[in-house]
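Peer 1: We have chain A already, so just place chain B on it with the hints.
Now for the letters of each chain:
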Amino acid sequence: MIVSAIASVTSRQMLRSVIYLLFVLIGVAGIYFLIDYNFLAAVQLTVYAGGIIVLVIFSVLLVHHIEMELEMAKLSKKLLTGLVCLIGLGVFLSVIYSTNFTVVENSKTTDVSDIGMGLLSYEAGGFILPFEVISILLLAAMIGAIIIGKGDKLTKNDDTL
Amino acid sequence: MIAGISIYEIFTLTSILFFIGIYGFITRKNLISILISLELILNASAINFVVINKYLYPDVLQGVFFSIFIIAVAAAETALAVAIIINLYRQISSVEVKDTEIMKY
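Line by line, the protein sequences give chains A and B. Sequential numbering from 1 applies to the first sequence in the working numbering. Sequential numbering from 1 applies to the second sequence in the working numbering.
I should point out that these hints are in silico values taken from the structure, not numbers from a laboratory. Since the model is a prediction, treat every value here as computed from it, not as a measurement. Treat the hints with care, as some may be off.
[Claimed, not checked] With the C-beta cut set under 7 Å, the calculated list includes, among others, these residues of chain B facing chain A:
(1) N43
(2) F49
(3) L61
(4) T78
For glycine and all other residues, C-beta sits at the position ideal for the given N, C-alpha and C.
If we strip away everything but chain A, and leave its shape as in the complex, we get (with noise of 0.2 Å):
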């Protein structure tokens, strides 16, 4: 999985990239289904690589040549930066292994009606306000997307009428 992370962020060619992410998604989904969150799993299946996967191949085809090879950034940018993930990395880990964390031994299944009931639930932490949120959210994103992306036609028709 980490190999396939820096696999995406430094090849070259912009569709293998985005199939590596693709397996990284995957294999966050493995982790998801290993800890017995089956839902979130499910969900991160098909949100992430059926959707979001789709849609940025769909924009790369569009917007680029598959052959076309990237511009990459100059070596002493990317050491740089790597040097600074890398002191960034150590101080995460180094605040990490000095918690003590209590770890709580279970075994628990989750079901989807627990998932369910607690993002309607009107009581005392439930998730039905922000679940509508995310709705309103959602469709004002889509929404959005649409007239961003047929704006231009959209205004000239205007003009004509």
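Peer 2: Below, chain B without anything else, positioned relative to chain A:
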């Protein structure tokens, strides 16, 4: 929880994933590549939510909800970004749009 895998190892994995995403975000010069790196970063944080929920507080489901919201927001953001990229490409199609610097025009 996964038998035999401690929480530290998963945190190490997600941190590495996060910083690979940041590295790609800074070094790539292509809009779609930047979008891909962004997906890596969002995924690393979503794994962290789920793993903390499962290992430390297994009785509640808050982490799962937050990671569902993260996935939904990422889907919306990707759709918008792809629309913007395609529109940008259509408007300046005489120029080969490869660099983010061209967005200044």
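Peer 1: Does each hint fit the structure? Answer for all of them.
Peer 2: Against the structure, the hints:
Given the 7 Å rule on beta carbons, the hint for N43 of chain B holds: about 5 Å separates it from the nearest Cβ of chain A. Because the closest C-beta pair between F49 of chain B and chain A is about 10 Å apart, greater than 7 Å, the hint is violated. The closest approach between the C-beta of L61 of chain B and any C-beta of chain A is roughly 5 Å, which is under the 7 Å cut-off, so the hint is satisfied. Hint on T78 of chain B holds. Least Cβ distance to chain A is approximately 5 Å, under the 7 Å limit.
Of the hints listed earlier, the one the structure fails to meet is number 2.
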